[in-house]
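**Q** Each chain is listed here by its residues.
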Amino acid sequence: MALKILSVDDSRTIRLIVGKAFKPYDCDMVEASNGEEGLVAAAREKPDLIILDVTMPVMDGVTMLTKLKADDALKAIPVIMLTAESGRENVLHIAKLGVRDYLVKPFKDDQLIEKAGRVIPLQKKPVAAAA
Amino acid sequence: MAADNQQYDELAKQYGFAPVPESVSRLTQLVAQQYADLDEIAAVIQSDPVLTKRLLRVANSHATCEAEYTIDTVEQAIMRYGMGGALILAMGTPLALALQKAFQTMIGLKLEQFPAHQLVGVNGEHMRGSIGFSGKVNGHVYLRMTLQSSRSVAASIFGCKPEEMNNADEIRDAIGELLNIMTGNFKSNLCDSGLDCKLEPPKVGITDDYSTPIERGGGIERIAFRAGSIHPFVEVTANPWHG
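Heads up: the sequence lines are chains A and B, in that order. For the first sequence, position 25 (counting from the first letter as 1) is numbered 27 according to this note's numbering, and the numbering increases by one without interruption. For the second sequence, position 2 (counting from the first letter as 1) is numbered 298 according to this note's numbering, and the numbering increases by one without interruption.
Don't read these hints as lab results, they were simulated from the structure. Check each hint, because a few of them may be wrong.
[What the hints assert, rightly or not] Some residues of chain B that are not near chain A, with every Cβ distance over 10 Å (derived):
| no. | residue |
| --- | --- |
| 1 | Y331 |
| 2 | V346 |
| 3 | K349 |
| 4 | K397 |
| 5 | I510 |
[Claimed, not checked] Derived lysine to any residue pairs resembling SDA-like cross-links, with alpha carbons at most 25 Å apart:
| no. | chain 1 | residue 1 | chain 2 | residue 2 |
| --- | --- | --- | --- | --- |
| 6 | A | K25 | B | A451 |
| 7 | A | K25 | A | V101 |
| 8 | A | K71 | B | E306 |
Predicted, not measured: the structure shown is a model, and the values here were computed from it. Even for Gly, the Cβ is constructed at its ideal location relative to N, Cα and C.
One chain only, chain B, in its complex shape:
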């Protein structure tokens, strides 16, 4: 195992892989054990201001601003949100980083992350992509954006103007690939932490259904982004330690 780790580290350096933040990697490894020590998990989250902020935001999901938080420590949040919630928190970070990197490198847009309640959601028909994953953790990743946003994103990827982007299959393929990139990155982090899972093929289509089914006994995290008029929404649902 140690030899494999060393060999992988050498290959990762040779191939130029961007590492997952240490705190995220450590958190995923800890919660993957199911019966990990809560104090240790809290310490890892507290060492990372971004994780701390996200956990408190999720634990205070009904609050519209920090002044309304009723849960204001990491320990309280973990007690409230549970180990499954901590896992979803760990899973959300690679997803968010991968989507931001995909937008930056493929489209040249800098996506900023926002609390979901601060942004106007998608209304009416919208583009929804989803990928299921199953194994030691089961769940789904969803990517939603308005039809106009999905057209603009696809046009940027294909190097044309949005009004020239009339092929629905090409728009779906582009959104599906963004979803693939995002989910592939996060699956790698899960597998490396001992939560082996397989991805299903992406499903992309137009829908007016906003409901997000949550796996039995599982949790959900919503992450909202903004780059100009483009507002992608990411949702991850998971039921850890299944199977």
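In isolation and in its complexed conformation, chain A is listed as follows:
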């Protein structure tokens, strides 16, 4: 059964890059463009992994993470932060909330896949299906 990955980022460009990174793997991608949509998608889809940006309109990633970790039904979903911000205060606060990893933009596909692969059992798709 395919793994489900939720990408939460206000930039379509980043969601597209994340989707392309996971394309060779047996994953179904779900997208949200802010924290509020992300929480709805997380509750509906129960993803195996969330890739989460910090700075977003409507609801930022830190607020979404706080709400996610306060929800018994969702708090076990692993989260990897994907953001351009690596300031000390932000990182310490986010680490305390509980994330599995943290990747600073810009990033390479293989960096994201390596970090995701440490959290969920990524399996390559058969060659024909990945094309």
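Fit chain B to the supplied structure of chain A, relying on the hints for placement.
**A** Same frame as chain A, but now just chain B:
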């Protein structure tokens, strides 16, 4: 505080963060104090050939080559350019590094930095992205490039040919994300140095306006890059110690 620093260092190692150059981090911390010792600032800049070169270039902004410099020491440049200028110098480095890394990792292009006057600027309509920041330091970061360059950059990011890149929203989003990445990195350095600030959402659009408003009492630095026919220009304006 020391425990936080140690914890952050451990997390940065665990997460694989690329550190900001020590000289840049130290310079930002020094000028963030507003009344820091000028000799100490000069010593930090002199320890870094890249910072020294940039400061002298900015202090001699009317010169077209080094032979025309009338200010040729770091001390003279700081006296001329001021503490605010030293801060902008410190701010420009993380911006430049982040943009170069973004181009390298997202597009596979190696951006080289050039003195702005050595490159032909953008003419006519061009793509301009801007992000404001406010807090203990106020200012804006601008990213400009020709329409053709912005189309090529977006096409590379989306993995298609420039002629297939016809969606203006996608081009704007791609340029906006480059700007976000660049500015997010530099904001982290400012905050870590005690200059807490918040970023505004990016604004990206086509314009023929080349003017760059400078914050009252502040300064500006222009950084030009080149990778083949793509010439991105970055400008940072700031008024430190505001608020």
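**Q** Hint by hint, note whether the structure agrees.
**A** Going through the hints against the structure:
1. Interface exclusion of Y331/B from chain A stands, the closest Cβ pair being 23 Å apart, more than 10 Å.
2. Every CB of chain A is more than 10 Å from the CB of V346/B (nearest about 21 Å), matching its label as outside the interface.
3. Non-interface call for K349/B relative to chain A: holds, since the shortest CB-CB distance, roughly 25 Å, exceeds 10 Å.
4. Annotated as non-interface, K397/B brings its C-beta within 10 Å of a C-beta of chain A; the closest such distance is 5 Å.
5. The claim that I510/B lies off the interface holds: its Cβ sits roughly 25 Å from the closest Cβ of chain A, which is beyond the 10 Å cut-off.
6. With a C-alpha separation of about 19 Å, the suggested pair K25/A and A451/B falls inside the 25 Å cut-off, and the hint holds.
7. Restraint check: the Cα-Cα separation between K25/A and V101/A comes to about 23 Å, which is no more than 25 Å; the hinted pair holds.
8. Using a Cα cut-off of 25 Å, the hinted pair K71/A and E306/B holds, with the two alpha carbons roughly 23 Å apart.
Checked against the numbered hints listed earlier, the structure breaks hint 4 alone; every other hint is satisfied.
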